[in-house]
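Number of protein chains: 2
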Amino acid sequence: MKFCSNCGATLTRRIPEGDQLPRDVCDTCGTIHYRNPKLVVGCVPEHAGQILLCRRAIEPRRGYWTVPAGFMENGETLQQAAARETREEALAEVEIGSLLAVVHVLHAEQVHVFFRAALPVARYAAGTESLEVALFDAASIPWDDIAFPSTDFTLRRYLEDRAAGSESHHFTTIERRR
Amino acid sequence: MKFCSNCGATLTRRIPEGDQLPRDVCDTCGTIHYRNPKLVVGCVPEHAGQILLCRRAIEPRRGYWTVPAGFMENGETLQQAAARETREEALAEVEIGSLLAVVHVLHAEQVHVFFRAALPVARYAAGTESLEVALFDAASIPWDDIAFPSTDFTLRRYLEDRAAGSESHHFTTIERRR
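As you go down the protein sequences, you meet chains A and B in turn.
Quick note, the first sequence lines up with residues 1 to 178 if you use our numbering.
Quick note, the second sequence lines up with residues 1001 to 1178 if you use our numbering.
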């Protein structure tokens, strides 16, 4: 961030009066440009015991498998965001269920939120951001080709909880870079 | 958002190729400026059955009561954000507990997340953003002077759950403007 999005002047990086952290400050119009974590929202769609995964057609991690997920938009709830991402990436209609996982991805400045979801009808196909979409048995999940640590965490907690007959939610923090 | 924060050129509002929604696009350097919901994080600190509330020294809703909460920063977890906000606004050290409430505040483009919290030692005072900080019995909470609908929702769910001896989490959506 180099220029003020409000007036176009050059920004200065400094701690504003009364603040604790350095911010991008505009000395021309006085705007302080805060940067905050972005929400990435997704779900684990299940149909007849199988889990719907998407193989990514875009970077990062093109060619690797993930659950449907993406950046939350303004004007929608977390649940609506998870259903929309599933519609876009897997052309599938899901019913969003309980909260499953919250992953703080510190280096990416993101908070990932995942829900359980039901896929009542096994109708799906690759959206523009997916190379392919498929249903997997728990035993056939491609663990070595999962796109992100947050996807791996989420799928493992999902399967553990399902085996235990529970629907709890799980927090974790990821700091490492690949 | 009128100017590109990357190159300083004037922005155009249009739907980028392959996208579904209008964005602020820079036709000079090609940057697409997405706008996403911001996370506001807080907690309900309890000490010996009483709840710690802060009376706001800043707008919006100056003079009204709320639980400690504020914008999440990059590089911290939700739990760390809730504890930091309590330190800043109430000069109090809390132990963050279970997830209590998630409130989609659509018109403000925010997602509010609240946790239960323990205040082991009743040591607190007004931070720079608070006029006063005080412990309240459930029966003495100033319901008519609560700052925000999300605070009201969170406190009511907290007390209901406590009365029922449970620690569940609750989602809601707020669309109205004051």
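It is possible that part of the hints are untrue.
Okay, the calculated beta carbon distance ranges per label pair [claimed, not checked]:
no., chain 1, residue 1, chain 2, residue 2, range
1, A, 10, B, 1149, 46 to 54 angstroms
2, A, 10, B, 1061, 21 to 29 angstroms
3, A, 15, B, 1059, 40 to 48 angstroms
4, A, 7, B, 1164, 25 to 33 angstroms
5, B, 1063, A, 12, 14 to 22 angstroms
6, B, 1149, A, 61, 34 to 42 angstroms
7, B, 1016, A, 18, 21 to 29 angstroms
8, B, 1002, A, 12, 16 to 24 angstroms
9, B, 1168, A, 173, 19 to 27 angstroms
10, A, 152, B, 1131, 41 to 49 angstroms
11, B, 1016, A, 167, 33 to 41 angstroms
12, A, 165, B, 1173, 27 to 35 angstroms
In case anyone wonders, no lab produced these hints; they're calculated from the structure.
Since the structure is predicted, the reported quantities are computational estimates derived from the model, not experimental observations.
In this text, a Cβ means the ideal position worked out from N, Cα and C, and glycines have one as well.
| query | Given a hinted range of 21 to 29 angstroms, is it respected by the beta-carbon distance of residue 10 of chain A and residue 1061 of chain B? | reply | This hint is violated: roughly 34 angstroms between Cβ atoms.
| query | Per the hint of 19 to 27 angstroms, is the separation of the Cβ atoms of residue 1168 of chain B and residue 173 of chain A within bounds? | reply | 23 angstroms, holds
| For the pair residue 1063 of chain B and residue 12 of chain A, does the Cβ-Cβ distance stay inside 14 to 22 angstroms? | Roughly 33 angstroms apart at Cβ, these two residues miss the hinted range, so it is violated.
| query | Is it true that residue 1016 of chain B and residue 167 of chain A lie within 33 to 41 angstroms of each other by Cβ? | reply | Holds - the Cβ-Cβ distance for residue 1016 of chain B and residue 167 of chain A, about 38 angstroms, lies within 33 to 41 angstroms.
| Do residue 1016 of chain B and residue 18 of chain A keep their Cβ atoms within the hinted range of 21 to 29 angstroms? | 37 angstroms, violated
| Range hint 25 to 33 angstroms (beta carbons of residue 7 of chain A and residue 1164 of chain B) holds or violated | 53 angstroms, violated
| Between residue 152 of chain A and residue 1131 of chain B, is the Cβ distance one that fits in 41 to 49 angstroms? | 47 angstroms, holds
| query | Do the beta carbons of residue 10 of chain A and residue 1149 of chain B sit within 46 to 54 angstroms of each other? | reply | 40 angstroms, violated
| Supplied distance hint 27 to 35 angstroms, evaluated on CB atoms of residue 165 of chain A and residue 1173 of chain B | 30 angstroms, holds
| Falls inside 34 to 42 angstroms, the C-beta gap from residue 1149 of chain B to residue 61 of chain A? | Given range 34 to 42 angstroms: holds, Cβ gap about 39 angstroms.
| field | Beta-carbon spacing of residue 1002 of chain B to residue 12 of chain A - inside the hinted bounds 16 to 24 angstroms or not | value | Holds: the Cβ-Cβ distance is about 19 angstroms, inside 16 to 24 angstroms.
| request: With 40 to 48 angstroms as the target window, see if residue 15 of chain A and residue 1059 of chain B comply at their CB atoms. | output: The hinted range 40 to 48 angstroms is violated for residue 15 of chain A and residue 1059 of chain B, with Cβ atoms some 22 angstroms apart.
Violated hints, listed in ascending order, are 1, 2, 3, 4, 5 and 7; each of the other numbered hints is respected by the structure.
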